[in-house]
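Use the sequences and the hints to build the structure in full.
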Amino acid sequence: MIQHPKIGLVLGGGGSRALAHIGILKVLVREQIPIDFIVGTSMGGIVGVLFAMGYHPAEIGQGVSRVQQTSLFNFKNLTARSRQQRIHDNLAEILAGKTFADLAIPVTLMAVDMCHGQEVMLNQGELIPALLASSAVPGAFPPVNINGMELADGGVLDSLATHAAFKQGAEKIIAVDVYPELEKDNPWVDPLNGILGLELTANLFTGNGNGKKPPSLPAALWRSVRVITWHLHEQRLALNPPDILMRPDVDSFASLDFREIDTPIQAGVEEAERHIDALRALAGERRQVYDFEITLAY
1 MIQHPKIGLV LGGGGSRALA HIGILKVLVR EQIPIDFIVG TSMGGIVGVL
51 FAMGYHPAEI GQGVSRVQQT SLFNFKNLTA RSRQQRIHDN LAEILAGKTF
101 ADLAIPVTLM AVDMCHGQEV MLNQGELIPA LLASSAVPGA FPPVNINGME
151 LADGGVLDSL ATHAAFKQGA EKIIAVDVYP ELEKDNPWVD PLNGILGLEL
201 TANLFTGNGN GKKPPSLPAA LWRSVRVITW HLHEQRLALN PPDILMRPDV
251 DSFASLDFRE IDTPIQAGVE EAERHIDALR ALAGERRQVY DFEITLAY
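Residues 1 to 298 in our numbering are what the sequence shown lists, from first letter to last.
Mixed in with the good hints there might be a few duds.
Claimed, not checked - Taking lysine-lysine pairs in the DSS-like style, the calculated list, with each CA pair at most 30 Å apart, reads:
1. Lys26 <-> Lys98
2. Lys167 <-> Lys98
3. Lys98 <-> Lys6
4. Lys98 <-> Lys172
5. Lys6 <-> Lys26
6. Lys6 <-> Lys167
7. Lys26 <-> Lys167
8. Lys26 <-> Lys172
9. Lys6 <-> Lys172
Unchecked claim - Computed Cβ-Cβ distance ranges for the label pairs, DEER-style:
10. Glu285 <-> Glu93: 36 to 42 Å
11. Arg287 <-> Asp251: 28 to 34 Å
12. Glu285 <-> Gly97: 37 to 43 Å
13. Ala220 <-> Arg274: 45 to 51 Å
14. Ala80 <-> Asn147: 20 to 26 Å
15. Pro106 <-> Ile276: 22 to 28 Å
16. Ser224 <-> Thr263: 27 to 33 Å
17. Thr263 <-> Pro142: 28 to 34 Å
18. Glu260 <-> Gly117: 34 to 40 Å
19. His116 <-> Ile276: 39 to 45 Å
20. Asp89 <-> Glu273: 34 to 40 Å
21. Pro214 <-> Gly97: 52 to 58 Å
Treat the hints as calculated values from the structure; they're not laboratory data.
Backbone N, C-alpha and C fix where the C-beta goes; we use that ideal spot for every residue, glycine too.
And the structure:
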């Protein structure tokens, strides 16, 4: 019997930019590229779970957009906890009572124990708490308590957990990185613009609209976080390089702005097409026909 290499798909975190994963999945399905398991962080985990549950990529975009948009841009949801509860309620419409054991493709979700500063891999138990934990962006959502741990977004330590795929026995890894490049031409980005996509023409938070004034405290703190996380991201990726690394052109999208979904999805399709020969070569003669028998009720 021919032994095929175990292929892991790593879907990185990045908020709305992770909608590009849907475009990647469309091409993988069309080409029948086999996936033995998925490692997902934050929104990459949500997309990965819906795909592994059996939803077609063409449907996932509308579902994800509804879950996030109604929670982030609804003025009734003024607190982090109320926004998280709204996401919980929307996820419950399609995943209530579901566990990791219900997935057709094994999935591991990445989170961070904020009390002990340790990375946590979630692949057992109920899906919804794990998804909420993996996508609990600090400041936007509260940590989620699982087994006594206060868990937050896995991207706090690593938005593209290729190392976790290797730990789970992957022999070949396809990774999709949607973490934005470090801004250099315009380093003092408005925090609200970078996170929510809100254009602040008065440069309320940057204090650097004309290039002469020093950056404000919020802008300086935001820049510090960006520099630290960017270098950590690049260092960890260099230590655990995937066989195929795809980086869709989605840097211009704000992390939590889900008002437009078609463009990042198309960016994912285009990026996968650029790597089509490498994807086919990695799969070799092995192909997988994906069955999508359930439909999102949106």
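Here's how the hints hold up against the structure:
A C-alpha spacing of about 24 Å is found between Lys26 and Lys98, which places the hinted pair at or below 30 Å, so the restraint holds. This hinted pair checks out: Lys167 and Lys98 have alpha carbons roughly 25 Å apart, not beyond 30 Å. For the hint linking Lys98 to Lys6, the alpha-carbon distance of about 26 Å falls within 30 Å, and the restraint holds. For the proposed pair Lys98 and Lys172, the alpha carbon gap of about 29 Å is at most 30 Å, so the pair holds.
At most 30 Å may separate the alpha-carbon atoms for a hinted pair to count; Lys6 and Lys26 meet this at roughly 21 Å. Taking the CA atoms of Lys6 and Lys167, the gap is about 12 Å. The hint holds against a cut of 30 Å. Taking the CA atoms of Lys26 and Lys167, the gap is about 27 Å. The hint holds against a cut of 30 Å. Proximity of Lys26 to Lys172 is assessed by CA-CA distance (about 20 Å); at most 30 Å being required, the pair is judged to hold.
Simply put, Lys6 and Lys172 have alpha-carbon atoms about 6 Å apart, close enough for the 30 Å limit, and the pair holds. At about 40 Å, the CB distance of Glu285 to Glu93 agrees with the hint of 36 to 42 Å. The hint said 28 to 34 Å for the Cβ distance between Arg287 and Asp251, and at roughly 33 Å that hint holds. The supplied range of 37 to 43 Å is met by Glu285 and Gly97, whose beta-carbon atoms lie about 39 Å from each other.
For Ala220 and Arg274, the hinted distance range of 45 to 51 Å is not satisfied, since their beta carbons lie about 37 Å from each other. For the hinted restraint 20 to 26 Å between Ala80 and Asn147, the CB-CB distance of approximately 22 Å keeps it satisfied. For the pair Pro106 and Ile276, the beta carbons lie near 25 Å from each other, so the given range of 22 to 28 Å is met. The hint said 27 to 33 Å for the Cβ distance between Ser224 and Thr263, and at roughly 30 Å that hint holds.
Distance hint for Thr263 and Pro142: a CB-CB separation of about 31 Å, consistent with the stated range 28 to 34 Å. Taking 34 to 40 Å as the suggested C-beta distance range, the pair Glu260 and Gly117 conforms, at roughly 35 Å. The hinted range of 39 to 45 Å is satisfied by His116 and Ile276, whose Cβ atoms lie roughly 42 Å apart. The beta-carbon spacing between Asp89 and Glu273, approximately 37 Å, falls within the hinted interval of 34 to 40 Å.
Separation of Pro214 from Gly97 is about 53 Å and conforms to the stated range, judged on CB atoms against 52 to 58 Å.
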